[in-house]
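Residue numbers (the working numbering), protein chains in the order written: chain A, 1 to 125; chain B, 1 to 821.
Bear in mind the hints are in silico, worked out from the structure with no lab data behind them.
Glycine included, every Cβ here is placed at the ideal spot set by N, Cα and C.
The reader is advised that the hints may include incorrect statements.
Stated by the list, open to error - Going by beta-carbon spacing under 7 angstroms, a handful of chain B positions derived as facing chain A:
#, residue
1, D187
2, G190
3, V191
4, T578
5, S615
6, A646
Said to hold, decoys possible - With a straight-line cut-off of 16 angstroms between C-alpha atoms, the simulated EDC-like cross-links for lysine to aspartate or glutamate are:
#, chain 1, residue 1, chain 2, residue 2
7, A, K15, B, D318
8, A, K19, B, E269
9, A, K19, B, E622
10, B, K41, B, E51
11, B, K251, B, D318
12, B, K456, B, E617
Stated by the list, open to error - Stretches of chain A that chain B covers, calculated by requiring three or more beta carbons in the stretch to come under 8 angstroms of a beta carbon on chain B:
#, segment
13, 35 to 46
14, 69 to 79
If you want the building blocks of each chain, they are given just below.
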Amino acid sequence: MSKILIIEDEPDIAKVVRKRLMDHDYEAICAPDGYSGVQLARKEAPDLIILDLMLPAGGGLNALQNLRLSPKTQLTPVIVLTGMQDAEYKKKVLDEGVDAYLEKPFESKALLRTIGYLLKQKKPS
Amino acid sequence: MTRKTGRSRTSPIGIAGLLAAFLPAVSVRLRRAARNGLREKARALRLRTEELDRFFDLSSDLLCIADESGRFRRLNPAWEKTLGTSREELLAGRLLDFIHPDDVDNTAWAIGQLTAQKEVVNFVNRCRCQDGTYRWLEWRAVPSGGFFYAAARDVTDREQIETALWESAAEIMDLYNNAPCGYHSLDADGVFLRINDTELSWLGYSRDEVVGKKRFPDLLAPGSLQVFEESFPRFKQSGWAQNLEFEMVRKDGSALPVLMSATAVSDAEGRYVMSRSTVFDVTDRKRAEEQIRLNELRLESMVRIAQYRAHDVQALLDYALDEAITLTGSTIGYIYDYDQDLSEFRLSSWSKGGARDSAVTAPRTAHPLETTGLWGEAVRQRRPIVVNDDRALHALKRGGPDGQVQIRRLMTVPVLDGDRIVAVIGVANKDSDYDPSDVRQLVLLMDSVWRVVERKNADEVLRQSEQRLNLLIQQTPLAVIEWDNDSRVARWNPAAERVFGYTADEAVGRHGSFIVPDGGWPLPEGDRGDLPTSGGARSILENVTKDGRTILCEWHSTPLTTEDGDLIGVAALASDITELRKAEREMKETLEIKSQFISTVSHELRTPLTAIKESIEIVREETAGTLTAEAEDFLDVARRNIDRLARLIHNVLTFQRLEAGNVRLDLGPQDLNEIVREVAAAMNPLAAQKELEVSLALEETLPRVECDRDQITQVLTNLIGNAIKFSDRGRVLVATGASDDRFMATVTDTGCGISQEDLPRLFQKFRQLGPWDARAAGGSGLGLAISKEIVERHGGSIWVESALGEGTAVRFVLPIGVDAG
Numbered sequence: 001m002s003k004i005l006i007i008e009d010e011p012d013i014a015k016v017v018r019k020r021l022m023d024h025d026y027e028a029i030c031a032p033d034g035y036s037g038v039q040l041a042r043k044e045a046p047d048l049i050i051l052d053l054m055l056p057a058g059g060g061l062n063a064l065q066n067l068r069l070s071p072k073t074q075l076t077p078v079i080v081l082t083g084m085q086d087a088e089y090k091k092k093v094l095d096e097g098v099d100a101y102l103e104k105p106f107e108s109k110a111l112l113r114t115i116g117y118l119l120k121q122k123k124p125s
Numbered sequence: 001m002t003r004k005t006g007r008s009r010t011s012p013i014g015i016a017g018l019l020a021a022f023l024p025a026v027s028v029r030l031r032r033a034a035r036n037g038l039r040e041k042a043r044a045l046r047l048r049t050e051e052l053d054r055f056f057d058l059s060s061d062l063l064c065i066a067d068e069s070g071r072f073r074r075l076n077p078a079w080e081k082t083l084g085t086s087r088e089e090l091l092a093g094r095l096l097d098f099i100h101p102d103d104v105d106n107t108a109w110a111i112g113q114l115t116a117q118k119e120v121v122n123f124v125n126r127c128r129c130q131d132g133t134y135r136w137l138e139w140r141a142v143p144s145g146g147f148f149y150a151a152a153r154d155v156t157d158r159e160q161i162e163t164a165l166w167e168s169a170a171e172i173m174d175l176y177n178n179a180p181c182g183y184h185s186l187d188a189d190g191v192f193l194r195i196n197d198t199e200l201s202w203l204g205y206s207r208d209e210v211v212g213k214k215r216f217p218d219l220l221a222p223g224s225l226q227v228f229e230e231s232f233p234r235f236k237q238s239g240w241a242q243n244l245e246f247e248m249v250r251k252d253g254s255a256l257p258v259l260m261s262a263t264a265v266s267d268a269e270g271r272y273v274m275s276r277s278t279v280f281d282v283t284d285r286k287r288a289e290e291q292i293r294l295n296e297l298r299l300e301s302m303v304r305i306a307q308y309r310a311h312d313v314q315a316l317l318d319y320a321l322d323e324a325i326t327l328t329g330s331t332i333g334y335i336y337d338y339d340q341d342l343s344e345f346r347l348s349s350w351s352k353g354g355a356r357d358s359a360v361t362a363p364r365t366a367h368p369l370e371t372t373g374l375w376g377e378a379v380r381q382r383r384p385i386v387v388n389d390d391r392a393l394h395a396l397k398r399g400g401p402d403g404q405v406q407i408r409r410l411m412t413v414p415v416l417d418g419d420r421i422v423a424v425i426g427v428a429n430k431d432s433d434y435d436p437s438d439v440r441q442l443v444l445l446m447d448s449v450w451r452v453v454e455r456k457n458a459d460e461v462l463r464q465s466e467q468r469l470n471l472l473i474q475q476t477p478l479a480v481i482e483w484d485n486d487s488r489v490a491r492w493n494p495a496a497e498r499v500f501g502y503t504a505d506e507a508v509g510r511h512g513s514f515i516v517p518d519g520g521w522p523l524p525e526g527d528r529g530d531l532p533t534s535g536g537a538r539s540i541l542e543n544v545t546k547d548g549r550t551i552l553c554e555w556h557s558t559p560l561t562t563e564d565g566d567l568i569g570v571a572a573l574a575s576d577i578t579e580l581r582k583a584e585r586e587m588k589e590t591l592e593i594k595s596q597f598i599s600t601v602s603h604e605l606r607t608p609l610t611a612i613k614e615s616i617e618i619v620r621e622e623t624a625g626t627l628t629a630e631a632e633d634f635l636d637v638a639r640r641n642i643d644r645l646a647r648l649i650h651n652v653l654t655f656q657r658l659e660a661g662n663v664r665l666d667l668g669p670q671d672l673n674e675i676v677r678e679v680a681a682a683m684n685p686l687a688a689q690k691e692l693e694v695s696l697a698l699e700e701t702l703p704r705v706e707c708d709r710d711q712i713t714q715v716l717t718n719l720i721g722n723a724i725k726f727s728d729r730g731r732v733l734v735a736t737g738a739s740d741d742r743f744m745a746t747v748t749d750t751g752c753g754i755s756q757e758d759l760p761r762l763f764q765k766f767r768q769l770g771p772w773d774a775r776a777a778g779g780s781g782l783g784l785a786i787s788k789e790i791v792e793r794h795g796g797s798i799w800v801e802s803a804l805g806e807g808t809a810v811r812f813v814l815p816i817g818v819d820a821g
């Protein structure tokens, strides 16, 4: 069973995303801020990370940079799921290397399709 | 003039004297001899004869006795001495043989007289000498007893002198009569005693009309009478007069100006007998003098005109007209401006003479050339026109300023500026005829007047432009400051006073540092280390006012250079932008806050929206098939409105980003047809819901268009979305095309259409129009505003063609090679 880390400060969002993932047979773990998210990722080594950008304790970009610096999480697929539309911030995030960028409100079907696609990509390696 | 021979005249010595001396004595002695006896008589007679012969032989006069046939019977030796011809030769011939052929007839006549027993006295003829020359002989002869007794005296010398005298007298007469000057003599009363032909021909009188009949003053013009009355008695006393000027009057009444000098002829007692006067016709000199006088007058006029301190051109022209009238001896006149392009006259100046003359004062209305009479002639013929003849005047008179003024003579001259006729001047009613010299005077005068007028006009234009410039500088809200080369204030306008607080009096002459805060001088800009000297330098500087405030000023400085390139100062415009800057800053801050606010609010809205949306979805899925149809329906309502809210937030954020300029165009060559197909495909499900069809009419060979793919996708999505949204039936047509350098797309629907008055408001933010709202179409009201923003950023344009009930066509064009702004 694939393990997916949700780094999301909004408990309600985390809750509905987790429900969607569990309904589709994923193991979902949650972190409420950037710092704890990065810690949890290092500890749990999830197969995929869903990352919010507007986060307490460091913010999404900072968390992403830290994930990319750590060997354990360096290659983990990251889906950004955000309500932010700041173009410059988005560009920085994309430059850092993310695998998908979804805006809130998201279509759960699109999210699940993206997850499925990314995990399938990952498996052969 | 030759003299005829054979006329009689008295002479103190001649044959009469000879006879008086000898003949009476001979007869007395003969009578005495007869009384004293024959012998005694015979001896005495012989003695007497010898005595007489002695006299006969001694005489230097030529004595002879001839018979009636004209043959010499006896000659004294004086003949041979005088003529050189021998006595024998003379005795062999007849008298007539020795006479000059021209004198033969006369001589024959004289012989005839003698034959008729008449004396001949003082008969003169010419007798041939041996050498072929002739001698003049003066004869006295008497007939007696079939013989002629004649004494001839050689008067050749006298005759030659007389001939010479006669010839010279004739010559003198000739000179007298035909001299190029006039001669006359006046008696003590001034009556003509003599007058020569020349003077008579000048005056047009015959000699008989003048000599002994006219007094000199009878032939003088009234103006000269006084000169005569004064000078004639003086002349008779002094005996001479020199260079007196008179104006004589010819028989035909015309004037003859003369210059006269005279000497008096007096008798032995010194009493005046007559004058000998020389008269010169000085018409030409007078004319030349008049010309010189006129030229001098004109010169003076020109000097006066050039120096005339007229306030305006009108005053100058009035003045010039007066001068022209005076100069030409006219009494009235006018000047018309002429517009060659319009062929129109405009009265510019007219004489302000007497009330009678002022009838010309027409208002300053335009007179077309074709309606003008005589005074337009100068323009039509492009030359001066002189009319001295009443009838010709009458024939040409028509319209114009002639008015009720009686024009007797008129001269009108076009005033030329290069090839253009700019005016006409006319003067009229000179006492005598206008002549070419009047024309010349007028042309020359007006020529110089016009030059002055041109100069005055130019001055006036300059003055007005200076005045306007000054007004501009005085009234402009911009501070205008002129710096001299030492960076001192040379000009300081009222706006500068308002900005900096110093009056012009306080500021002018001060060094520029007085409005710069401490340490701010020299200014950082400028080639010369203090003031900017390069063209059009713009700078924003902190300045300090009189009351100590620090203000921010925007300066525009331009070096002032002469035509030779010498820098004479710097002109600066300054405006206080302190408040403006503050307002700008505040505005910017406000916009930033607004932008931040929208961004934050949108984000903050999205998160709960996402939670709601997902929760509803989950509920729907979890409860699928267990809920009533009504409950399902309300879940749908919730879901639709969540989507709508999501779109609204999305659009607000998009528009805000566009408006704030935060979106860069990601340009690349794009196949617009491909984008249209993609968008149409994506929109088809929506269209299908309303049973609409999205059909395409794409131009096949479309060039690639330089544009931002995502943004143009958004535009097409908006337009097609709108078309679907507002149509209930029919179809939505998307067409593409290209011409030259532009791409065009049209989205046409068969919807409700838009009224004309609503069209202009279409692209405003948050604007949905009446019927659209009624449809509760679910738009944000931002779609068209966003589309417009995007298209315009691409350098294109977008517009709508529509009529209520007839559907709508939205078109946008993009430049193919984009010049994005």
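Hint check results:
For B:D187, the interface hint is violated, since its Cβ never comes within 7 angstroms of a Cβ in chain A; the closest pair sits about 134 angstroms apart. Below 7 angstroms, beta-carbon pairs count as interface contacts, and B:G190 has none with chain A, the closest being about 128 angstroms; its hint is therefore violated. Interface restraint check: B:V191 against chain A, minimum CB-CB distance 132 angstroms, threshold 7 angstroms, status violated. Hint on B:T578 is violated. Least Cβ distance to chain A is approximately 33 angstroms, over the 7 angstroms limit.
Below 7 angstroms, beta-carbon pairs count as interface contacts, and B:S615 has one with chain A at about 6 angstroms; its hint therefore holds. For B:A646, the suggested interface contact is upheld, since its CB lies about 5 angstroms from the closest CB of chain A, less than 7 angstroms. At roughly 105 angstroms between alpha-carbon atoms, A:K15 and B:D318 are farther apart than 16 angstroms, so this suggested pair is violated. Of the pairs offered as hints, the one joining A:K19 and B:E269 is violated, with about 173 angstroms between alpha carbons and a cut-off of 16 angstroms exceeded.
Straight-line distance between C-alpha atoms of A:K19 and B:E622 comes to about 11 angstroms, which keeps the hinted pair within the 16 angstroms bound. Under the criterion of a C-alpha separation no larger than 16 angstroms, the hint pairing B:K41 with B:E51 is consistent with the structure, at around 15 angstroms. Note on B:K251 and B:D318: the hinted pairing is violated, with a Cα-Cα distance of about 43 angstroms set against a maximum of 16 angstroms. About 93 angstroms separates the Cα atoms of B:K456 and B:E617, which puts this hinted pair outside 16 angstroms; it is violated.
Given a C-beta distance limit of less than 8 angstroms, the hint that chain B covers the segment 35 to 46 of chain A is violated, as 0 residues qualify and 3 are needed. For a cut-off of 8 angstroms, the count of residues in the segment 69 to 79 of chain A with a CB near a CB of chain B stands at 0, and the three-residue condition is violated.
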